[in-house]
Structures are given as structure tokens and as C-alpha cells.
Amino acid sequence: MAEPEERRRARVLRAYRAVLASRARSQASHRASFRMDLVGAVLVGLIEFTEIWVLYSATDQIGGFTLAQIMLVFGLSDLAFSLADLAAGHCDNLPQYVRAGTLDVFFLRPQPLLAQLMTSDLSLRRIGRCLVGATALTVGLVLNDIDWGIGTVGLLVLALVSGFVIFTAQFVTAAGLQFFLINGSEMTNAFVYGGRYAATQPAVVWPRALLLVFGVIFPVAFTAYLPVSTLLGVPGPLGLPTWLGWCAPVAALWAVTVAGLCWRWGLRHYRGAGG
Amino acid sequence: MRPLPSPSRNPYWRFLVAGFRGQSAYPLATFAGLVANATFGLLKGGIMGAAVESSGGELAGYSAATMAAFVWLGQGMLGSVNFWGGSDLQTRIKSGDVAVDFLRPVSVQAANVLTDVGKGLFALLPRGLPSVVIGVLVSSMALPPDATAYVLGLLSLLIGITVSHATVYAVATSGFWLVETRGVSVLYMAVSGFFAGLFTPIYLFPDWLLTLALLTPFPSMMQFPIDVLSGQVTGAAAAQHLGVQVVWLAVVLGVGHLTTRAGRRRLEVQGG
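Residue numbers (our numbering), protein chains in the order written: chain D, 1 to 275; chain A, 1001 to 1272.
Chain D extracted, bound-state conformation (with noise of 0.2 Å):
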């Protein structure tokens, strides 16, 4: 008799919660490297906050944006970064399991391999750096005059979530084309890592080209700046209109597309390790 389809899932479920259980108690081992490793990452958010400070402290407003406007963008784009980092950034090792042949044992387990990949290291540290941004957006929201209404929180909620989604895309799109870089895994850095760094920045003051690349192939623009443009009320890049805020779901199902076709395209091309 088959087993009943609750009864596989919690057994599916509680394998998972096992694993990542496991790895969290292994990383809180070594204690005073782990409490390192937890400022550290507190500490990188918050350099990354004082870059935006000093330079927005030194000039008035840059590309139409105020430290206080600049805070909502880096705090929403920040957390929404550090989110999807805790569910997928550990995508980023697959080159070393490709080369070392680990990546085999994944075929081999009865679970799809994204999620391996995805539980196959939990960085408690992570969660220290979700604070950073959060910390930053409740106080730009603060500082910022807005006009609270069921739109205004609908619009954040919409942007956050849509964010989340849009970087953990970038991720996988990442992932799968690690397949066919391997020695070359830092160029998809230029996407993920230099996505989350264009996120923090009001778009209009980028080059023609990486509006292209960074609002559209990589719709990072839509993780922040545009949603609180649209907040602010602060006419977008090239006179596009200020409701493309609301659009930000549509970016996020374009890149869960780009990331799912080339993270199939790249795990059809993969053919073992050999030997």
C-alpha cells in the first residue's frame, strides 16, 4: 500500500529539519570563531551602510536621492539580498563540488538537487546580516515623510517579497551556468554580487548598458529603487513612468524563468565527474 501524501511530506519534511538542524550546531561549535563570524557579518552590513553615508554626506543628494530616501532603497534591497542569501547562497559552492566530484552523491539521494544544494550548508551568520537591513528600513521609513495607507504597505510587502524572490533567482541562474564556467564562477559575481550593489544605487545615474543589463536582464532595479520611487513619488529613469514600482512582480517572474531554463539547460549539459 502507498504511503499517504501528508505522511511522505512530513517524513520528507523532517529529513530536511534534521539536516539543517545538524549543520547549524556544527557551525556554533567552534565558539569563538562563530561569534567572529556573527559580528563579522553584522559589521560588513554596516560598513556597506557607512559607505552610503559617507557618500551621500558628502554631496546634498545624488541622482535625485537624499541619505534619508538612499536608506529606504539600501535597507529594502539590503534585506531582501540577505534573505535570499540565507535560502540560496550557498549556490554559490557548486563549482567546488563539480570539480572535487561531490556534486555525484547529490544524484544519488532521493531529493531534487536545488534543494540539496540549498540545505547542504545553513550560514547562521546570514541571519546577523538580515538585522542591517532591516535596522535601515525601519529608519528610512521613519525619517521619510510617506503617506501610510493599505497602498504604501502593500507596495513594500509587494517590493520585499518580489525582491527576495528576484535575487534568489539570480542565484540559481548563477548556479546553472557554473556548469559550463567551473574556473570561471566569478563572472556570474558580476550579476549576483554586483546586482545587490547596483540595488543600493538610484538607476538613473548608471550607464545606458547596465540599464539594460541591471533593469531588465537582471531586473534588480526593480528589488528597490523603483518600488521606492514609486513610494516617493520620484520620476524614474529615461521619463518612465513612476507606477513601474508595481511592476516588480513581473520582474520577478522573469527571472524565476531565466533561472529555472538555465538551471535545467546547465544540469542537462552536466556529465559527471568520471573516473
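Careful, some of the hints might be misleading.
Said to hold, decoys possible - What the simulated footprint calls covered on chain D by chain A, stretch by stretch (three residues with Cβ under 8 Å from a Cβ of chain A suffice, anywhere in the stretch; the number is not a length):
hint	stretch
1	49-59
2	247-257
As the list claims (entries may be wrong) - Here are some chain D residues pointing at chain A (derived, C-beta under 7 Å):
hint	residue
3	Met36
4	Leu43
5	Val44
6	Ile62
7	Val205
8	Leu210
To be clear, the hints were calculated from the coordinates, so they are not data collected in a lab. From a predicted model like this one, the values you see are computed outputs, not experimental measurements. Glycine is no exception: its CB is placed at the ideal position from the N, C-alpha and C atoms.
Once you have looked at the hints, place chain A on chain D.
Chain A alone, transformed into the frame defined by chain D:
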């Protein structure tokens, strides 16, 4: 008296050459690094250019041209200096392999630092120069004004690369006491680039933060070489930059030497 051995038989010279040549084995990796570098450069150039423009064409002593030079020279140096804090020594201490290194008749510190400097120097060819070429093509970046600026600039660059790797080495020796040093690397990654002038010139910092930065070896790794190479500082000021760099080089090499000696006595290799 024995004749002096030729430099090609000197083990330390060979570490430097091995580091240089080792990197040339991965052309795709190098190209990939360049793509990432150029993307970040375009983003950084965009925002920094806009910052100069919005403050009336001059920001903390930078014009649009010198700011572009700051951005692209910095991007060009990224493959040659180490701002992520990881190193071979770090992995070898954790795995215990460093015990074998101590058995060799060469200084562990010199071997490690020289190999990394060799890698860094190689990276100037496929990553450094193309970054600068891209910078010249996409922006109106300032170039060194005269021959002196080139000579002093390249010297400053060489010292900067060495300070960077010697510092990372000294930091990695903390592994003799901590074993797992990923946290130390993360801390290093957080502060080194920021104080070195990787994101914004340190002269944009408020006074107290600038003072804090100048009390660390980090500006010697990137900001000072860029200042000299771009002709932002010349003459006596350039010589002063080089002097400060040499002092920091001596300090970090000295610290690395002492911690290696102390750590060697501490070393306890697990397993068998």
C-alpha cells in the same frame, strides 16, 4: 669561498615566479574576474561620477577625471591585493599541513608572502591593465602626469601589494591559536576594503574616521598607490606616501615573523 648561487636557484625567487606562473594556468578564471571587475567599475564609476557632479564638479579634491582614475585604478588593483582575508596558510593550519611547511629549509612567512605577491603581480597583466584600458575608454580618467609619477606609482603599487599579502599572512597566523579562522577572515573582509579606499576615497570620510583609517596599514594597500599613480599627490607628498608604506610593510612583516615563531611552538596537529 662558495660562488654566489644564481637568482634562479634561490628558493625565494622561485616562490615569487611560481606564484606568478601558477595564475597564468587559469585564463578563463582571469577573464571571468575581469568581467566582474569591469561591471563593478561601471557601477562605481556611475555613482562616484554623479556624486562629483552633484557637488559642483569638485568633491574632496577630486574632479570628474581624477575620480574616474580613482575608480578604475582601484578596480585594476583588485586582483592583486587581498581584501577577502583568506589565504593558503589559513587552510594549511586548519588541515595541519603547515607542519610539513615547517620542516622545509625555508622561511614559512617568506614563502607564503612571496608566492602571493607573485600571484598579485601576475594579475596586473590580465586584470590590472585591461581595467585601466576600459577606464580610459569609458571615462575621461586622469593618467599619471609625468615619468616620475609612473616610476613612483609603480613602486608604490609594488609596496602596496606586498603590504596587503604580508598583512593577510600575519592575520592568518591567528589560526595557530584559533584553528578555525573563518570569523577572522570575515572581520578582515569587512574593514580592510573600507579603510583601503576600495569603495570611496578615504578623503571623503569625516575627520575622525579618516584619522582612524590612517592609523591602519589599509590605506597603504590601495589608496596611497592610487594617489601616487593618478598624480593626485606628487613630489614630497608622494615621497611621504611611500615612506608611510615602507613603515607599515616593516610593521606587518615584523608582526608576522613574531606570531609565526610563537605559533610554531603552539602548533598542535590533530589526527595521525
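* Asked: Mind checking, does the stretch 49-59 of chain D have 3 or more residues with a CB under 8 Å from chain A?
  -> As far as the stretch 49-59 of chain D goes, the hint holds, because 7 residues have Cβ atoms under 8 Å from chain A.
* Go through the hint on leucine 43 of chain D and say holds or violated, using the shortest Cβ distance to chain A against 7 Å. => holds, 4 Å
* Mind taking a look at whether chain A covers the stretch 247-257 of chain D? Criterion is 3 or more residues with CB to CB distance under 8 Å. => violated (count 0)
* Going by Cβ atoms only, is valine 44 of chain D closer than 7 Å to chain A? -> Holds - the Cβ of valine 44 of chain D comes within 7 Å of chain A, reaching about 4 Å at its closest.
* **chain A contact restraint for valine 205 of chain D - C-beta distance below 7 Å** => holds, 4 Å
* **Interface restraint verdict for leucine 210 of chain D against chain A (beta-carbon cut-off 7 Å)** => holds, 6 Å
* Asked: Taking the closest Cβ pair, is methionine 36 of chain D under 7 Å from chain A?
  -> Status holds, d = 3 Å.
* Asked: Hey, does the isoleucine 62 of chain D contact hint survive, CB to chain A under 7 Å?
  -> Since chain A brings a Cβ to about 5 Å from isoleucine 62 of chain D, closer than 7 Å, the hint holds.
Going through the hint list in order, the structure does not satisfy hint 2, though it satisfies all others.
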